[in-house]
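Residue strings, one per chain:
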Amino acid sequence: MSATGAGVEDVLLRCRAEGRVALIGYLPVGYPSVEGSVAAMRVLVEAGCDIVEVGLAYSDPVIDGPVNQDAMAAALEAGVRVDDAFDAVAAVREAGATPVVMSYWNLVLHRGVERFAADLAAAGGAGLITPDLVPDEADDWVAASDRHGLDRIFLVAPSSTPERLARVTAACRGFVYAASTMGVTGARSSVDGDARGLVERVRAVSDIPVCIGLGVSTREQAAEIAGYADGVIVGSALVRTLGGDGELDERLESLRTLTTALAQGVREGHR
Amino acid sequence: MSEVPAPDEDTDLVPQELPRPGRFGDFGGRYVPEALVPALEQLDEARQKAAVDPEFTDELARLHATYTGRPSILTEVPRFAAHCGGARVVLKREDLNHTGSHKINNVLAQALITKRMGKTRVIAETGAGQHGVATATAAALMGLDCTVYMGKVDTERQALNVARMKILGAEVVAVEHGSATLKDAINEALRDWVTNVGTTHYVIGTVTGPHPFPEMVRDFHAVIGEEARAQVLELTGRLPDAVVACVGGGSNAMGIFHRFVEDEGVRLVGVEAGGEGIESGRHAARFASASPGVLHGAMSYLMQDTDGQTVESHSISAGLDYPSVGPEHSYLRDIGRAEYRYATDDQVMEAFSLLCRTEGIIPALESAHALAGAVELGRELGPEALLLVNLSGRGDKDMHTAAAYFGLVDEDAR
Ligand SMILES: Cc1ncc(COP(=O)(O)O)c(C=O)c1O
Numbered sequence: 081m082s083a084t085g086a087g088v089e090d091v092l093l094r095c096r097a098e099g100r101v102a103l104i105g106y107l108p109v110g111y112p113s114v115e116g117s118v119a120a121m122r123v124l125v126e127a128g129c130d131i132v133e134v135g136l137a138y139s140d141p142v143i144d145g146p147v148n149q150d151a152m153a154a155a156l157e158a159g160v161r162v163d164d165a166f167d168a169v170a171a172v173r174e175a176g177a178t179p180v181v182m183s184y185w186n187l188v189l190h191r192g193v194e195r196f197a198a199d200l201a202a203a204g205g206a207g208l209i210t211p212d213l214v215p216d217e218a219d220d221w222v223a224a225s226d227r228h229g230l231d232r233i234f235l236v237a238p239s240s241t242p243e244r245l246a247r248v249t250a251a252c253r254g255f256v257y258a259a260s261t262m263g264v265t266g267a268r269s270s271v272d273g274d275a276r277g278l279v280e281r282v283r284a285v286s287d288i289p290v291c292i293g294l295g296v297s298t299r300e301q302a303a304e305i306a307g308y309a310d311g312v313i314v315g316s317a318l319v320r321t322l323g324g325d326g327e328l329d330e331r332l333e334s335l336r337t338l339t340t341a342l343a344q345g346v347r348e349g350h351r
Numbered sequence: 142m143s144e145v146p147a148p149d150e151d152t153d154l155v156p157q158e159l160p161r162p163g164r165f166g167d168f169g170g171r172y173v174p175e176a177l178v179p180a181l182e183q184l185d186e187a188r189q190k191a192a193v194d195p196e197f198t199d200e201l202a203r204l205h206a207t208y209t210g211r212p213s214i215l216t217e218v219p220r221f222a223a224h225c226g227g228a229r230v231v232l233k234r235e236d237l238n239h240t241g242s243h244k245i246n247n248v249l250a251q252a253l254i255t256k257r258m259g260k261t262r263v264i265a266e267t268g269a270g271q272h273g274v275a276t277a278t279a280a281a282l283m284g285l286d287c288t289v290y291m292g293k294v295d296t297e298r299q300a301l302n303v304a305r306m307k308i309l310g311a312e313v314v315a316v317e318h319g320s321a322t323l324k325d326a327i328n329e330a331l332r333d334w335v336t337n338v339g340t341t342h343y344v345i346g347t348v349t350g351p352h353p354f355p356e357m358v359r360d361f362h363a364v365i366g367e368e369a370r371a372q373v374l375e376l377t378g379r380l381p382d383a384v385v386a387c388v389g390g391g392s393n394a395m396g397i398f399h400r401f402v403e404d405e406g407v408r409l410v411g412v413e414a415g416g417e418g419i420e421s422g423r424h425a426a427r428f429a430s431a432s433p434g435v436l437h438g439a440m441s442y443l444m445q446d447t448d449g450q451t452v453e454s455h456s457i458s459a460g461l462d463y464p465s466v467g468p469e470h471s472y473l474r475d476i477g478r479a480e481y482r483y484a485t486d487d488q489v490m491e492a493f494s495l496l497c498r499t500e501g502i503i504p505a506l507e508s509a510h511a512l513a514g515a516v517e518l519g520r521e522l523g524p525e526a527l528l529l530v531n532l533s534g535r536g537d538k539d540m541h542t543a544a545a546y547f548g549l550v551d552e553d554a555r
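Residue numbers (the working numbering), protein chains in the order written: chain D, 81 to 351; chain P, 142 to 555.
These are calculated hints, taken from the structure and not from any lab test.
Accuracy of the hints is not assured; some may be wrong.
Unchecked claim - Selected chain D positions facing chain P (Cβ under 10 Å, derived; list incomplete): (1) Leu-136; (2) Tyr-138; (3) Asp-144; (4) Gly-145; (5) Val-147; (6) Val-162; (7) Asp-163; (8) Asn-186; (9) Asp-212; (10) Val-214; (11) Glu-217; (12) Phe-234; (13) Arg-244; (14) Thr-298.
Beta carbons are placed, not taken as given, at the ideal position from N, Cα and C, and that holds for glycine.
Put together the whole structure using the sequences plus the hints.
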């Protein structure tokens with residue numbers, strides 16, 4: 081439970097009680113504009129996302145594929161600042177979902193780990209996903225997140241050894257982000273191959289909820305993953321939809337349609 | 142063994158904090174996606190085993206003797222030195238290595254380790270193209286598949302090296318994202334690595350990146366300083382007053398510095414790319430402008446804006462055009478053991494031209510930064526001084542840039 085509203089674990093438990101898994105949607109702040117991204121995040125919440133990953137655009141996003149890279153570059157080009165993320169976090173909270181931030185580490189480090197944590201908590205954020213920070217390097221963040229009651233979401237991957245899975249899950253709070261395949265973000269036709277096995281291997285070492293991300297784009301995939309994980313994370317597919325042709329209003333409607341379908345997916349496939 | 146003092150006699154006996162692996166003071170570390178951690182652990186184990194395995198060390202020594210052309214020679218350059226305040230100047234000739242730069246030292250060793258790990262493909266980033274050429278060369282020699290990532294801007298200014306890589310059988314991917322230079326090539330190589338890490342080793346070309354790369358690449362280049370120290374002693378009967386090297390990521394510099402770190406009287410001088418001057422903002426003089434941050438897996442000095450976004454660097458030499466620097470340099474600088482200055486594009490081109498015309502040696506533009514540093518340092522230190530300069534590479538690849546700079550391109554011939 082975070083200081084200002086439902087924490088990640090509350091959400092996952094509530095979803096479980098409803099006999100489904102959680103839908104987690106990612107969008108970068110500032111794409112196509114700061115206001116546009118906040119409007120898009122509201123759409124995600126209205127259409128059924130339980131948790132919104134508020135992404136920070138970064139100059140060197142090494143585990144993002146072309147869709148997210150382009151969106152981040154456009155956001156930076158349009159002048160997005162780290163400060164804008166906290167406004168987006170507050171907006172997601174106000175819209176009724178649980179916000180977590182996803183950020184490459186240098187943006188957190190540069191602001192100051194303690195200050196970042198304080199600002200995130202003050203805005204109503206529940207936690208932070210750190211794609212390029214491993215627990216081994218995270219002493220400052222562990223301490224700051226404890227002080228501010230924030231969740232810590234580290235990643236595991238199909239390459240993770242049992243020792244690493246144990247180490248990473250022990251450091252996580254809220255859930256562990258399981259990368260469905262080896263690679264960068266971006267929609268894929270199939271995510272099931274490595275993901276199911278990875279979830280099993282996590283369950284062998286930890287009770288922590290496992291959410292699957294990387295490559296998920298359709299209702300069918302969401303339903304399939306809902307059969308074995310605790311949450312489905314969708315990113316690039318949403319970003320691509322938001323970045324399509326036409327006026328922003330039309331694109332927001334497309335985003336609503338996709339999100340609604342994904343929300344049905346997570347309700348169909350539960351064990 | 143010395144006596145253990147009674148606790149009340151020595152209150153200074155606070156347990157020392159153990160050095161963290163992969164750290165140089167606060168710098169270095171391993172800031173990577175979890176997906177890469179197993180590969181980094183495997184690499185660390187493989188290189189430590191290799192370091193004490195004669196099968197590896199003998200094979201590397203054999204390759205260096207029969208393929209690289211080691212030891213590289215030392216050349217005294219009196220006509221050039223006349224412009225360095227009369228100081229005595231000797232060049233360590235890494236430009237004479239096979240493929241034309243120091244980069245081959247590291248690459249041959251990493252390629253051998255790739256095979257020991259049972260991997261069949263190597264990838265590399267390259268700025269000037271020298272590391273890419275060296276990697277393509279080692280891949281050809283050892284039968285490995287090879288993909289090289291290079292910023293689009295760099296493929297244009299180092300076109301000769303692009304052709305060399307392709308002729309050697311490598312695939313060259315021009316990266317158009319971001320500044321389309323070295324840092325973006327590294328981003329793309331990291332993305333490839335995360336995707337293909339099961340079969341692929343990422344041959345990082347300098348002393349940056351996550352642990353164990355900074356330490357490992359330094360160790361593979363330490364042969365430069367080992368040889369040079371003995372050669373200088375033999376030639377002059379003494380240690381140099383200063384060892385001078387250009388610093389992009391910092392591999393040629395760490396290679397020549399490492400053996401001298403404990404020689405306290407020897408100044409270690411790194412020369413960064415001053416580009417169009419610090420005030421212009423168009424430079425790669427990290428130590429003149431930057432603050433610590435994380436890029437590409439390591440904590441080090443980093444050119445970044447007030448949010449921590451990477452700021453694009455600039456240099457006339459592609460190989461120094463990088464907004465961060467190897468973490469060990471940051472450490473040596475912060476503890477005061479090494480010092481860093483910069484040379485602007487104009488100073489570099491002057492030093493480049495000077496070496497060409499006084500000694501008949503065409504240096505790489507990267508190495509010309511070290512030469513510009515030597516000109517300055519020699520004038521500061523005077524005729525008694527002895528300077529050892531690492532000539533990290535040859536300038537063939539830079540003919541296009543140099544001809545344009547000096548207006549030697551025949552407009553009519555176009
Ligand atoms: C000849 C030469 N010297 C120096 C460098 C810079 O690299 P480092 O600082 O790692 O030695 C390069 C890089 O491309 C190079 O080609």
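Cross-check of the supplied hints:
no., hint, result
1, Leu-136, "holds, 9 Å"
2, Tyr-138, "holds, 7 Å"
3, Asp-144, "holds, 8 Å"
4, Gly-145, "holds, 8 Å"
5, Val-147, "violated, 13 Å"
6, Val-162, "holds, 5 Å"
7, Asp-163, "holds, 8 Å"
8, Asn-186, "holds, 5 Å"
9, Asp-212, "holds, 6 Å"
10, Val-214, "holds, 6 Å"
11, Glu-217, "holds, 5 Å"
12, Phe-234, "holds, 7 Å"
13, Arg-244, "holds, 6 Å"
14, Thr-298, "violated, 21 Å"
Hint check: violations occur at hints 5, 14; the rest are consistent with the structure.
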